[in-house]
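K.L.:
One-letter residues, chain by chain:
2 protein chains.
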Amino acid sequence: MTENWIDAIKWDAQGLVPVIAQEKGSQDILMFAWMNREALQKTAELGRAVYFSRARGKLWFKGEESGHVQTVHSIRTDCDNDVVLLEVTQLGHEPGIACHTGRHSCFFQKLENGQWQATEPVLKNPEHIYK
Amino acid sequence: MTENWIDAIKWDAQGLVPVIAQEKGSQDILMFAWMNREALQKTAELGRAVYFSRARGKLWFKGEESGHVQTVHSIRTDCDNDVVLLEVTQLGHEPGIACHTGRHSCFFQKLENGQWQATEPVLKNPEHIYK
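Order-wise, the sequence lines are chains A and B. The first sequence runs 32 to 162 under this note's numbering. The second sequence runs 32 to 162 under this note's numbering.
Please keep in mind that the hints were generated in silico from the structure rather than gathered at the bench. The reader is advised that the hints may include incorrect statements.
So these bits of chain B aren't anywhere near chain A, every CB distance computed over 12 Å [said to hold, decoys possible]:
#: 1; residue: Arg79
#: 2; residue: Leu90
#: 3; residue: Arg134
Below, simulated EDC-like cross-link-like pairs (lysine to aspartate or glutamate); rule was C-alpha separation at most 20 Å, straight line [unchecked claim]:
#: 4; chain 1: B; residue 1: Lys55; chain 2: B; residue 2: Glu118
#: 5; chain 1: B; residue 1: Lys55; chain 2: A; residue 2: Asp59
#: 6; chain 1: B; residue 1: Lys41; chain 2: A; residue 2: Glu143
Glycine included, C-beta positions come from ideal geometry on N, C-alpha and C.
Please model the complete structure; the sequences and the hints are all you need to start from.
P.N.:
Shown next as structure tokens:
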């Protein structure tokens, strides 16, 4: 154990760590994203999910545009300290929408008979999420 | 949709994709690993989890040493086609052991009061798993 818990995390060559967001209660896996050190620190401080957007190259306060904020109940890491697992409540819509496509979960494409099939409904038109 | 489902996957610069293994029934997240194209193809063909070991630089037939094979019930990908989610049954021990530390899940370290606390028991001594 190091004095500062965040020093135990093993960041990749880009200074990032993969993050899984799992919904409290349903235990559905809502999304997968990345964090840098600052994002993980902010997540722990604020009790809400803060990721690092690789596309935009900056912190991404989940819900900052969509309103689909994630409250964080627990933070776990794995045996190698190089993956983070968040237990979250997905706010901003009922049922919760974590995906930018307007679906509950980002993992809505299932392999069936050699094809990816969309298995979850769009709960809200993305055009109405991102104004 | 491409003709071959595997062509839809977006591999990273190393030709890999992150993979989450979630236990069918409990919905526990057991582990996180990586696959290359061959590993994902084999996983789909065999119905058992085949990862790519970055440390060893080769295919890793989960359970090949430990006997802790994972049967794969479904394969999903996310909205960006760059993460894979497996629904698995963890074989080889009751309750299932996915982690090389002898625990059910690799995500046994939970942040509590500013420290990582081990929250799951060791179900089998790793020295007896890897002979």
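K.L.:
Taking the hints in turn, state whether each one holds.
P.N.:
Going through the hints against the structure:
With a least beta-carbon separation of about 15 Å from chain A, Arg79 (chain B) lies farther than 12 Å from that chain, consistent with its non-interface assignment. Chain A leaves Leu90 (chain B) outside its interface by the beta-carbon criterion, the shortest separation being 19 Å against a cut-off of 12 Å. A cut-off of 12 Å between C-beta atoms contradicts the statement that Arg134 (chain B) is not in contact with chain A; the least separation is 8 Å. For a cut-off of 20 Å, the pair hint linking Lys55 (chain B) to Glu118 (chain B) stands: about 6 Å separates their Cα positions.
Of the supplied pair hints, the one linking Lys55 (chain B) and Asp59 (chain A) holds, its CA atoms being roughly 11 Å apart against a limit of 20 Å. Note on Lys41 (chain B) and Glu143 (chain A): the hinted pairing holds, with a Cα-Cα distance of about 19 Å set against a maximum of 20 Å.
Hint compliance for this structure: hint 3 is the single one not met.
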